[in-house]
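So you can see what is in the structure, the chains are spelled out below.
2 protein chains.
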Amino acid sequence: MTPPAVDFWFEFASTYSYPAAMRIEALADAQGVRLRWRPFLLGPIFKAQGWDNSPFNIYPLKGRYMWRDVARVCRDLGLPFVQPAQFPQNGLLAARVALVGLDQGWGADFIRAVYRAQFAESRIISDPAVLQAILVSLRRDARTVFEQAQSAAIKTRLRENTEEAQQIGIFGAPSTVTADGELFWGNDRIEAALAWAKAGQ
Amino acid sequence: MTPPAVDFWFEFASTYSYPAAMRIEALADAQGVRLRWRPFLLGPIFKAQGWDNSPFNIYPLKGRYMWRDVARVCRDLGLPFVQPAQFPQNGLLAARVALVGLDQGWGADFIRAVYRAQFAESRIISDPAVLQAILVSLRRDARTVFEQAQSAAIKTRLRENTEEAQQIGIFGAPSTVTADGELFWGNDRIEAALAWAKAGQ
Numbered sequence: 145m146t147p148p149a150v151d152f153w154f155e156f157a158s159t160y161s162y163p164a165a166m167r168i169e170a171l172a173d174a175q176g177v178r179l180r181w182r183p184f185l186l187g188p189i190f191k192a193q194g195w196d197n198s199p200f201n202i203y204p205l206k207g208r209y210m211w212r213d214v215a216r217v218c219r220d221l222g223l224p225f226v227q228p229a230q231f232p233q234n235g236l237l238a239a240r241v242a243l244v245g246l247d248q249g250w251g252a253d254f255i256r257a258v259y260r261a262q263f264a265e266s267r268i269i270s271d272p273a274v275l276q277a278i279l280v281s282l283r284r285d286a287r288t289v290f291e292q293a294q295s296a297a298i299k300t301r302l303r304e305n306t307e308e309a310q311q312i313g314i315f316g317a318p319s320t321v322t323a324d325g326e327l328f329w330g331n332d333r334i335e336a337a338l339a340w341a342k343a344g345q
Numbered sequence: 145m146t147p148p149a150v151d152f153w154f155e156f157a158s159t160y161s162y163p164a165a166m167r168i169e170a171l172a173d174a175q176g177v178r179l180r181w182r183p184f185l186l187g188p189i190f191k192a193q194g195w196d197n198s199p200f201n202i203y204p205l206k207g208r209y210m211w212r213d214v215a216r217v218c219r220d221l222g223l224p225f226v227q228p229a230q231f232p233q234n235g236l237l238a239a240r241v242a243l244v245g246l247d248q249g250w251g252a253d254f255i256r257a258v259y260r261a262q263f264a265e266s267r268i269i270s271d272p273a274v275l276q277a278i279l280v281s282l283r284r285d286a287r288t289v290f291e292q293a294q295s296a297a298i299k300t301r302l303r304e305n306t307e308e309a310q311q312i313g314i315f316g317a318p319s320t321v322t323a324d325g326e327l328f329w330g331n332d333r334i335e336a337a338l339a340w341a342k343a344g345q
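In order, the protein sequences belong to chains A and B. Numbered by the working numbering, the letters in the first sequence go through residues 145 to 345 in order. Numbered by the working numbering, the letters in the second sequence go through residues 145 to 345 in order.
Think of the hints as simulated: they come from the structure by calculation, not from any bench. Do not take every clue at face value.
Just so you know, same-sequence chains aren't split out, so a pair can sit in one copy or run between any two.
For lysine to aspartate or glutamate, the following DMTMM-like pairs were computed, each having C-alpha atoms within a straight-line distance of at most 20 Å [claimed, not checked]:
{"hint": "1", "residue 1": "K191", "residue 2": "E291"}
{"hint": "2", "residue 1": "K191", "residue 2": "D285"}
{"hint": "3", "residue 1": "K342", "residue 2": "D253"}
{"hint": "4", "residue 1": "K206", "residue 2": "D253"}
{"hint": "5", "residue 1": "K206", "residue 2": "D196"}
{"hint": "6", "residue 1": "K191", "residue 2": "E307"}
{"hint": "7", "residue 1": "K206", "residue 2": "D271"}
{"hint": "8", "residue 1": "K206", "residue 2": "E169"}
{"hint": "9", "residue 1": "K342", "residue 2": "E307"}
{"hint": "10", "residue 1": "K191", "residue 2": "E265"}
{"hint": "11", "residue 1": "K342", "residue 2": "E308"}
{"hint": "12", "residue 1": "K299", "residue 2": "D271"}
{"hint": "13", "residue 1": "K191", "residue 2": "D324"}
{"hint": "14", "residue 1": "K342", "residue 2": "D196"}
{"hint": "15", "residue 1": "K206", "residue 2": "D332"}
{"hint": "16", "residue 1": "K342", "residue 2": "D220"}
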């Protein structure tokens with residue numbers, strides 16, 4: 145019997161992935177559910193639905209609501225939140241660095257720091273200097289990490305993640321997927337996903 | 145000082161309005177929040193966003209997920225759920241009857257019965273015979289009620305509701321709006337809306 149497990153699919157540009165990323169590890173630990181962080185890119189998935197931008201920008205009513213709602217959700221969770229001037233931001237480099245970090249044991253801390261930088265500290269996460277500062281705070285050699293992040297192997301891994309996300313029906317982020325393939329979309333469904341993972345054992 | 149109050153904006157065609165409609169009254173009562181049922185039509189609001197159908201039909205990935213998610217949500221709430229063969233259904237007549245019922249004190253029971261008919265009993269709610277059976281079960285004279293529902297006054301009220309929904313930024317259903325104008329979208333946000341209504345007093 146394998147322990148209960150979920151994959152947490154996140155995109156750095158995604159607003160609701162911020163509160164989800166900040167809290168899922170503690171929730172999974174408390175439930176005894178193994179957590180695997182799965183960075184991917186929403187761009188190709190949105191393109192397949194005919195969108196060349198975030199739906200929150202394409203549909204302004206929904207976008208205006210989302211910013212208000214995310215602010216409320218973060219406040220209720222005790223998370224700092226400042227609406228970024230730029231949205232969506234390009235999370236490509238951050239996602240590649242996250243894959244390196246996940247291989248090396250500092251991935252989750254890096255992921256949370258990137259979300260904090262974007263949604264609490266008004267930093268631009270496509271700026272390598274911002275990521276570099278985070279790497280330094282994690283005592284990593286930034287030049288080495290960036291080289292690894294831009295390797296063919298890591299680029300392929302991120303592309304494959306995105307293809308896998310598309311294949312399993314993911315259409316937004318965050319998405320939490322149980323070992324038996326049950327898909328839960330949104331920060332609102334993390335508890336349900338973990339409960340499903342536990343019950344399925 | 146007025147008691148805390150929310151408007152519950154619902155559309156009979158909306159899937160997530162079903163669990164929301166089934167539970168909001170008990171939740172509002174428990175919190176001492178006054179509840180006003182506000183039927184409206186999503187069609188004109190979707191049209192303004194360029195949609196001539198439910199977004200769950202326009203974006204099949206999202207639609208497939210929604211059916212699965214609604215089924216899970218209903219199961220967790222102990223609500224029967226059967227995916228209707230027809231979606232979305234035309235809720236125009238039901239919404240007009242609901243307005244009559246809300247004036248006469250049997251509106252909430254009618255609303256819940258219509259949702260049950262559509263999402264638990266596989267009935268077609270645009271069929272007057274289905275609504276008639278519900279009215280009979282509520283001991284109303286169906287012919288009189290249908291005449292009232294098709295009056296110019298009720299038609300205008302429903303149109304005005306939809307216009308008001310659009311004006312206050314509603315883009316989907318259900319939406320719960322507090323007396324101070326805070327908008328909460330979705331079955332997932334009912335508790336937050338009631339908490340906001342209470343805290344604002």
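Right, here's what the structure says about each hint:
1. Taking the shortest alpha-carbon separations for K191 and E291, neither the intra-copy value of 29 Å nor the inter-copy value of 49 Å comes in at or below 20 Å.
2. In this homomeric assembly, K191 and D285 never come within 20 Å of each other (Cα to Cα): the closest approach is 35 Å inside a single copy and 53 Å across copies.
3. When the C-alpha separation of K342 and D253 is checked against a cutoff of 20 Å, the pair qualifies neither within a copy, at 25 Å, nor between copies, at 37 Å.
4. In this homomeric assembly, K206 and D253 never come within 20 Å of each other (Cα to Cα): the closest approach is 31 Å inside a single copy and 31 Å across copies.
5. Both within a single protomer and between protomers do K206 and D196 lie at most 20 Å apart by alpha-carbon distance, with minima of 16 Å and 17 Å respectively.
6. Taking the closest pair of Cα atoms, K191 and E307 come within 20 Å of each other only inside a single copy of the chain (13 Å); across copies the shortest separation is 32 Å, beyond that limit.
7. In the homo-oligomer, the alpha carbons of K206 and D271 never lie at most 20 Å apart, since the shortest distance is 28 Å inside one protomer and 32 Å across protomers.
8. With identical chains, the CA atoms of K206 and E169 are never at most 20 Å apart, being 29 Å at best within one copy and 26 Å at best between copies.
9. Proximity of K342 and E307 under a CA criterion of 20 Å is satisfied in neither setting, with 27 Å inside one chain copy and 46 Å between copies.
10. For the homomeric pair K191 and E265, neither the shortest alpha-carbon distance inside one copy (29 Å) nor that between copies (38 Å) is at most 20 Å.
11. Within a single copy, K342 and E308 get their C-alpha atoms no closer than 23 Å, and across copies no closer than 44 Å, so neither meets the 20 Å cut-off.
12. In this assembly of identical chains, the alpha carbons of K299 and D271 lie at most 20 Å apart only when taken from the same copy (18 Å versus 55 Å across copies).
13. Taking the shortest alpha-carbon separations for K191 and D324, neither the intra-copy value of 28 Å nor the inter-copy value of 38 Å comes in at or below 20 Å.
14. In this homomeric assembly, K342 and D196 never come within 20 Å of each other (Cα to Cα): the closest approach is 37 Å inside a single copy and 41 Å across copies.
15. In the homo-oligomer, the alpha carbons of K206 and D332 lie at most 20 Å apart both inside one protomer (17 Å) and across protomers (16 Å), since each shortest distance falls under that limit.
16. Taking CA atoms no more than 20 Å apart as the test, K342 paired with D220 passes between copies only; the shortest distance there is 15 Å, against 26 Å inside one copy.
Checked against the numbered hints given earlier, the structure breaks hints 1, 2, 3, 4, 7, 8, 9, 10, 11, 13 and 14 and satisfies all the rest.
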